[in-house]
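Undergrad: Please construct the entire structure, taking both the sequences and the accompanying hints into account.
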Amino acid sequence: MSTEHPARDAVRAAFARMEEVKAGRDGLNCVLWSDSGWSLDLAKEADERSSGVLAGVPFAVKDNIATHHLPTTCASRILEGYVSAYEATVVKRMREAGAVLVAKTNCDEFAMGSSTEHSAYGPARNPVCPSRVTGGSSGGSAAVVAAGIVPIALGSETGGSVRQPAAFCGVVGVKPTYGRVSRYGLVAFASSLDQVGVFGATVNDAALGMEVIAGRDERDSTSADRPVPRLRFDGSQRLDGVVIGRPREYFPDSLDPRMRERVDAALDALRGRGAEVKEISLEHTDLAIPVYYIIATAEASSNLARFDGVRYGFRDNGDEGLKGMYEATRSHGFGPEVTRRILLGTYVLSAGYYDAYYKKAQQVRTLITRDFGDAFDNGVDVILTPTTPTPAFELGAKAEPYEMYLNDIFTATANLAGVPAMSVPVGTIDGLPVGAQIIARHFEEAKMFRVASVLEHALGANGGA
Amino acid sequence: MATRVREADAITERYEMVVGLEVHVQLRTKTKAFCKCSTTFGAAPNVNTCPVCLALPGSLPVLNEEAVALAVRAACALQCDINPVSIFARKNYFYPDLPKGYQISQYDQPLASNGRMVIGKNADGTPITIGITRLHMEEDAGKSIHDRFPGASAIDLNRAGVPLIEIVSEPDMRSSAEAGAYLRVLKQLLEYIDVSDVNMEEGSLRVDANVSARERGETRLGTKTEVKNMNSFSGVERALEAEFVRQCTILERGQKVHQQTMLWDGARGEVRPARSKEESHDYRYFPEPDLPPLRLDRDWISKVKNCLPELPQARQERFAAEYSLSAGDIEVLTSSPALADYFEGVARQSDDPKAAANWVMGEVLAAVKTTGQKIAHFSVRPADLARLIELVRDGFVSNTAAKKIFVAMVETGDPPAKIAEREGLVQVRDASELEKWVDEVLAENPEEAKRLRDGEKKLLGVLVGQVMKKSKGRADPRRVNQLLSERAGS
Amino acid sequence: MAVTRDDVAHVAELARIALDDARVNDLVRELNGILLHMDELRKVDTEGVEPTAGVGDAGTPLRPDEGPQIPLDRPREKFAPAMRDGFFIVPRLSTHEDVVEDEG
Ligand SMILES: [Mg+2]
Ligand SMILES: [Zn+2]
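Protein chains in written order, with our numbering: chain E, 1 to 465; chain A, 1 to 490; chain D, 1 to 104.
The hints are simulated quantities; they were obtained by calculation from the structure and are not laboratory data.
A few of these clues could be false.
[As the list claims (entries may be wrong)] Some but not every residue of chain A turned toward chain D, in silico, with C-beta under 10 Å:
no.	residue
1	T29
2	T49
3	C50
4	L54
5	L56
6	D81
7	V85
8	R148
9	A152
10	D156
11	P287
12	P292
Backbone N, C-alpha and C fix where the C-beta goes; we use that ideal spot for every residue, glycine too.
TA: Structure representation (structure tokens):
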């Protein structure tokens, strides 16, 4: 490859790799939209400026984040062909850092799912084992990194939608502190839980992406006015004095012993670097799923009301009047899982049930947040757990909605509490990747990344698998 | 018809009307509540819209500081308690001019609560005070136009997201007249503190009424209905009367009023039930997750409080004390802050409040009306009117001339002295000139002159008239009178 | 508390989603299956526990009352399903004098 045009070379390589691994519909189905000509033009500009910490680095973006030129459909029929009239803050920051957008990636419709099977464009397939799911909802972004198409991809988190697919695909996945990254341009699912997350081939790739997109945005009232520290660390350092919490609720007797073994091996590796491991308890953990599904669906039922066929996107005029148009548009525009969640969310908010469900859930959410606060107040620097109860499952394996919801059992707590969390590969089970989750206190991403770098270094490539 | 009205009167005598009002007021900001789009009225459809107020996927609201300041200002003027923490909530319902499918409003923690406003005096002179339950912030919806295209509704979102305050009163009003008084006093107050254009025609002020009827002496409230769709204060009064009669008639038949929304039809002068879907009231309010709680620190609130202008009541009291004007004059002169400012300008600069009051309530209001000007930008500036008053007082122009001069001032905006010169309306007081006219008149009317000298004083007036005529009205009548008397005496 | 067919019909009406009978039956089953787990929360003592509401103690940030308007990179006509004379066009309400929901 010539070196005068590093950006164009890197972008060409990315598209070549897409071909090679069949990233499109007929293959892994992890890429929904791309335009090599357009991306190469961007790369040309990047070569001419050749500035920014991500100069010429190709990246991919989940299809629920607003971008120029390429569609933003949230993998939903209701946004078929919709191209955003503005660009998300996170995409703008990546672009200004020199990165070049090469793909919009597949996901569960409106990020509602844990397998990327609930996509209007069909399920994505796991690059490690194509008969299995990528996890979700940001499965496509996890897959394009795992398949070596891009080193960095953006996804979104509401209950584990970056960490869980990262674990299933064997890459690094980060959910920042709530408010650390702007949500402007992220199509809302559950506003009080949503955060844009980053996938990286390595811990430092993810750290670099996070450094670029993080920080206050005047267009998001919930974005925090906090300085963004350096998040890249030398993984060969020691962790003397660092205390790592091991919450017993995340290691239930029902947990696959091999999963327990992999995660405890990770803890041993960190002990080997001087860290102290401390048994702790986060007692309200088992309530996370009910709390999460009440709050998330309630907010979703309201956030998805704007998809009404009036101003943009898909419209079905139906047979009669305005109400007919609304109902035809929304009934045919939304898939079954989205419909299910809109109805559940409408139910828990509707007259007479608010206190029993929504208010109660917000109270228990407070208790879950306190659990973390107490643990960190008692000298714990970070908490380490399995990211998921199991490795990637077969496509179609989880039929019942609630069975699928249980995938988020170890990840939803961090969204509810708003604390930062990330998944790092820690080996495989039967050749399938598994991840360990590192959780830190609000705005202490630096501590989290430092431990993650050391863990990655200590275990070696692919978590030592 | 007439008899039916009499029946109605007979019935209503046994019942008492109980009214509470919900008033929506558009705040006078440059940009919308949650985005930077302009709030200008009458722009081309959907021009003042952006990703936020179009509710494009992924857009988010950011609160306008001026909207908060104006809302707090209104809350202070209504003597409300301002809550240091208030919470925005989503009011969920589908309507094509509501882009997000929910309205950002406030629900169980509003900006302010527990205020009051005096709307007049009882017969015994005690004040009639109406309680203000709450004042909260919310955003306006767009406009749906149903009669522009056949079979379709046209949606204009320029108004979507314009900041509003909703002012909810206690059910403290006992007649349509009190409701009318409440609205007029509220409008005046909001004009004084300059938070809104309060223009019901342009929809910057909108009124919904909750009405119930109960037998006189009854202390419990009857079942209320909500009356909507009034577009003038008098319309509100007429709608309340109509609905009250309807309810009384129902109660009189021993039947029950059921809670529903009634729509006022001004043309027909009647109320009819709105065809509302039963679920339309399940708004599923919950805290707006895109906006953290609104926190107002004490200093900020008192800063707003301290820069409140003089309120109507205070101004009326001051006018009475400072200018010793009649209650009636004061009511007219303080009806709007602009008029009161204008009057004070004239009164101070002419140092003649009485004359100033007469001119402002007479010529000025008439001219403003006929020329369709706004008093604030009236072509006759207070300083010029004050000067005109001085010219009359010092005898440089006659009262009649002054009226002519004022008309010219309205048209040209020129200063009075200049006009008086140009039009030759300055009174001639120069002795030699006056004596010349007087002598001419005496010469031309020897008979009258003689009889005057013989003591027939009543001829004085006639001859003065002759002189005035000769001078084309420019002679100073007092001096002419003196001169003629002297001549007669000699 | 179990979800009935009427509940599902009611929330579907609120959410402007049309459902055929078969789907209503499925949803009654699915929603009850999910809400069963939600009822776990009933057992938790939350006496005096503040519900989580909003983030950040600083309170919502305030912006100055000034433009410029956030620009649209694509004209409205490009993404609107139906536009005429600059208006978004929708089928007319069956009862368009029904202004009950059309409030400020
Ligand atoms: Mg309102
Ligand atoms: Zn706007």
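Undergrad: How about R148/A: closest beta carbon in chain D under 10 Å, or not?
TA: holds (7 Å)
Undergrad: V85/A was flagged as interface toward chain D. Is the shortest Cβ-Cβ separation under 10 Å?
TA: holds (8 Å)
Undergrad: Under 10 Å is the threshold here; is the Cβ of D81/A close enough to any Cβ of chain D for the hint to stand?
TA: Violated - the Cβ of D81/A stays beyond 10 Å from chain D, reaching only about 18 Å at its closest.
Undergrad: Quick one, is the L54/A hint okay against chain D at 10 Å, beta carbons?
TA: Hint on L54/A: holds, closest Cβ of chain D at ~8 Å, below 10 Å.
Undergrad: How about P292/A: closest beta carbon in chain D under 10 Å, or not?
TA: holds (4 Å)
Undergrad: Against chain D, with CB atoms and a cut of 10 Å, does the hint on T29/A hold up?
TA: Holds, because the Cβ-Cβ distance from T29/A to chain D comes to roughly 5 Å (cut-off 10 Å).
Undergrad: Does D156/A hold up as a contact with chain D if the rule is Cβ-Cβ below 10 Å?
TA: holds (6 Å)
Undergrad: Less than 10 Å between beta-carbons is the criterion; does A152/A satisfy it with respect to chain D?
TA: Holds, about 5 Å.
Undergrad: Quick check on T49/A please, does its C-beta sit within 10 Å of some C-beta on chain D?
TA: holds (8 Å)
Undergrad: Grab the minimum C-beta distance from P287/A to chain D and call the hint holds if it beats 10 Å, violated otherwise.
TA: At 5 Å from the nearest chain D Cβ, P287/A passes the 10 Å test, so the hint holds.
Undergrad: When the nearest CB of chain D is found for L56/A, is that gap smaller than 10 Å?
TA: Holds: closest Cβ of chain D sits about 8 Å from L56/A, inside 10 Å.
Undergrad: For the hint on C50/A, just tell me whether its beta-carbon gets within less than 10 Å of chain D.
TA: holds (4 Å)
Hint 6 alone, counting from the list given before, is not met by this structure.
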